[in-house]
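Q: Now for the letters of each chain:
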Amino acid sequence: MLFALLLLPPLVSSVLPAVVRRHGRALGWVNVAGASLSLAASAGLSASVVTGADAPAAPGALLAADALSALLAVCIALVTLLAVALGPGLADDDPHDATAVRRYRIFLNALALTMLVAVTTTSVALMWVAIEATTIASAIIIPLERTKASVEASWKYLLICSVGIALAFAGTVLAYFDFVSTTGPLPSALDWTVLRAAAPALRPELMRLAFAFILVGYGTKAGLAPMHTWLPDAHSEAPAPLSAMMSGVLLAVAMYAIARWKSVVDASLGPSFTNTLLMTAGLLSVVIGTFSLVIQRHYKRMLAYSSVEHIGLATIGLALGPLGVFAAFLHLVNHAVAKSMAFLLAGRVLERYRTSEIAGVSGLLRAMPWTGGLFGVAVLTLVGLPPFGLFLSEFLLVRAAVVTGQFFVAGAVLALLVVAFASLLNHLNHMLYGQVPDGVAVGERRGWPTVTLAGCAGLLVMLGVVLPWPVTALLDRAVSVLTP
Amino acid sequence: MQTFSQLVMLCAGGMLVTALIPLWRKGVPAYISAFKWQSWLLAVLTTLVGYFGRDPQLYGVAILIVGLKGVAMPALLRTMDRRFGHQRELRPYVNPETALLMAGVLVLFAYVLARPWMEVTTLPTRAGLPLAMALLFISLLILVNRKKAITQVIGFLMLENAIALLAVVGTYGVPLLVELGVFLDALMGFLVMQIFVYQIHETFETIDVDQLTRLKH
Chain Y
592 MLFALLLLPP
602 LVSSVLPAVV
612 RRHGRALGWV
622 NVAGASLSLA
632 ASAGLSASVV
642 TGADAPAAPG
652 ALLAADALSA
662 LLAVCIALVT
672 LLAVALGPGL
682 ADDDPHDATA
692 VRRYRIFLNA
702 LALTMLVAVT
712 TTSVALMWVA
722 IEATTIASAI
732 IIPLERTKAS
742 VEASWKYLLI
752 CSVGIALAFA
762 GTVLAYFDFV
772 STTGPLPSAL
782 DWTVLRAAAP
792 ALRPELMRLA
802 FAFILVGYGT
812 KAGLAPMHTW
822 LPDAHSEAPA
832 PLSAMMSGVL
842 LAVAMYAIAR
852 WKSVVDASLG
862 PSFTNTLLMT
872 AGLLSVVIGT
882 FSLVIQRHYK
892 RMLAYSSVEH
902 IGLATIGLAL
912 GPLGVFAAFL
922 HLVNHAVAKS
932 MAFLLAGRVL
942 ERYRTSEIAG
952 VSGLLRAMPW
962 TGGLFGVAVL
972 TLVGLPPFGL
982 FLSEFLLVRA
992 AVVTGQFFVA
1002 GAVLALLVVA
1012 FASLLNHLNH
1022 MLYGQVPDGV
1032 AVGERRGWPT
1042 VTLAGCAGLL
1052 VMLGVVLPWP
1062 VTALLDRAVS
1072 VLTP
Chain X
97 MQTFSQLVML
107 CAGGMLVTAL
117 IPLWRKGVPA
127 YISAFKWQSW
137 LLAVLTTLVG
147 YFGRDPQLYG
157 VAILIVGLKG
167 VAMPALLRTM
177 DRRFGHQREL
187 RPYVNPETAL
197 LMAGVLVLFA
207 YVLARPWMEV
217 TTLPTRAGLP
227 LAMALLFISL
237 LILVNRKKAI
247 TQVIGFLMLE
257 NAIALLAVVG
267 TYGVPLLVEL
277 GVFLDALMGF
287 LVMQIFVYQI
297 HETFETIDVD
307 QLTRLKH
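Those sequence lines, one after another, are chains Y and X.
The first sequence begins at 592 in the working numbering and counts up one residue at a time.
The second sequence begins at 97 in the working numbering and counts up one residue at a time.
The shape of chain X in the complex, shown without the other chains:
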């Protein structure tokens, strides 16, 4: 059990680190591979929980995560990026130093917020709970800080990973039917977002959402 909780911590910690990359690196390819590694770590963690928690259903979920978020979505994101890659990324609203500092504060906040839950549960995975919350807050930070539509999509995908992490460390996964529904929504949502990124590109000739200011009041 000791090994189990350490491995879980390792994976969850790794996922958190990958979420920091979009805050300071420049260039969408770096964000895409960060998201890819994050998804692979999530899949590994899900497999671990499935093995130690003796829940074979989670193996299936891990395979879905790898197929969808580890392979398919990064590939689609890369195609999208090749189309719009020549476009210069505008400066984020907050500079990288401040953003990293804010991320640190958010991690602390997540630990404070998650303290009462640690007493509720005796699960060996409970140390992952504050990390899941921290990942959730940092994904939100990425979402509001970036101006390119494709980066916002990546932020949203990381937010989904955060919630999947929360579910797997907190409850050993939600029931399978729900899990499948969530995957279906994630896939459809991603595809529709992709359509809209192309539409924004065609109608505005940029995917810089700063230009979307037609509607006020």
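Chain Y extracted, bound-state conformation:
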């Protein structure tokens, strides 16, 4: 029942604009209502997980949600709601034409649907099918306004991620091959709880290779260095609400796949193999993300590289045992809210200033007091300042490194965070203050979009200051799902 409420709204919202060609605005509000319903259903799923009211999934069931699935589903539904409500077609001064709006709604909702399926399916192979479909659904609306840069970015994204994800399927097949040769063919063998139960009997040399393929594959999708090359292009050229989806939750979905597989492979090999690989990829991503921040000249690319950095941090967290996994997923939740907010605001800045270069934007606080102020809040969150959520998750991450005795990692992460802090603040400073360039209108109205975005800021403060009980309970259970 809850699954139907979770998955049907995005399905309906994706099909409706394809069938009904008129009443664009009304459809937009129907879409918002659907996304809210989906969010409520994901909250319901979380509640049933936390209270333990749900029965374990029947064998052979295609959909099931444990704490980790529920956590991801809430993030996806929340960011989808933001992307739908603040996306093309609903604002009073909307520059998009009706065809663009229709295309956007069809594929954005398809993207939301595939992501929700990816995190709630029990089968590792169907999870793969869903994640592959996310690439297709998102690539097609990157060039919503067709420019050379956006076509190039989406081609790069489509090709690199399709190849990457194909390798992840090779890894999945290898693990399945291992399972079939050890225990014989079973229809439920691709169910990941079954896989994990069988994992101790599987051949380590095959699992090692399978995980290497899976990490490269889903790592490409997650934007882990050195497979991140598509990410800054795709995330900076996509329309702002799509960037919010891709950066905020699509990366987290890929991380979810890696985390699930890690727990299977760990049951076979012990954690040291996967930890080493994840730690290397994570540190490399943080290094590349951070130093690319320093030299950035475009603010949307700046946000994209910041995603590489944060995904790197979460990957490091996955390699640091239960405490680290807790920090990693808290970090992903915080990042989902903060980065979506930042991209949506960046879209508004782009609309007003007509340039994506940091050098072309100044006096933002004067020209757009609300957008500028909230953008400042979003960037301050992303650099990890208290009282916002990312401070807490980064603190927990470093603590996990210290507790597990990895002082080098803790030191490196802290040093890199300082570099990221300095460069992001430097860029922010340039954008917020100074003279408003000629030809840029000054002043803005405060409407419901601004209030919604301010709500995100409130959410981030709440996650940073009180860390409400339902969130910790969900995270605790998610950690125990992954590290039994």
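Treat the hints as calculated values from the structure; they're not laboratory data.
Be aware that a few hints might be false.
[To be verified] BS3-like cross-link-like pairs, simulated, lysine-lysine; straight-line CA separation at most 30 Å:
1) X:K122 / X:K243
2) Y:K739 / X:K122
3) Y:K739 / X:K243
4) X:K132 / X:K243
5) X:K132 / X:K122
Put chain X on the given structure of chain Y with help from the hints.
A: Structure of chain X alone, referenced to chain Y:
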């Protein structure tokens, strides 16, 4: 069983040979027919596994492979090529001799990599495993070596064939639902790639991806 494993070897070996064609031939039509033959061989192999492994589901999968990858996709690729056929293919990053040599090394590497698996399994089809890995690596080589968007699409389709081969010789095929999902993704992915090839052509007036250098840092 002896015949079975020999036939499987024959088909898998044939698929590997078709993957070498894009490395040394010039002209997209040759690549398209290479991909077509590769898909037909994959379908034959799937039928064989279905017959000897007594799994009638695989017949359906073989029919899907023929319909989609053996007939529909080559036809669409040909239409695309007729649109852009007059364009000169640029030199690949690596010349054909070196590329073939690299392919040889990749095949050896695949055999080394697959050695431990051969001990794991007693399937009569196990000799196809290293060939599937070799096909996978060579498809990746095609992908990175070529500059035309349409050739990259063919490389990607060959990569998908490699994984399908791996699944069929290693596990006698993944469950049907998954198989259908994979086909759906392959079809959608191909159609979207096709749209983008046309878009690249319209916006850049070439499908030479070397020209796509707008985005740096």
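Q: Each hint: holds or not?
A: Consistency of the hints with the structure:
Note on K122 (chain X) and K243 (chain X): the hinted pairing holds, with a Cα-Cα distance of about 13 Å set against a maximum of 30 Å. Simply put, K739 (chain Y) and K122 (chain X) have alpha-carbon atoms about 28 Å apart, close enough for the 30 Å limit, and the pair holds. Under the criterion of a C-alpha separation no larger than 30 Å, the hint pairing K739 (chain Y) with K243 (chain X) is consistent with the structure, at around 17 Å. For the given pair, K132 (chain X) sits about 21 Å from K243 (chain X) by alpha-carbon distance, which is consistent with the 30 Å threshold.
Taking the CA atoms of K132 (chain X) and K122 (chain X), the gap is about 17 Å. The hint holds against a cut of 30 Å.
In summary, this structure violates none of the numbered hints.
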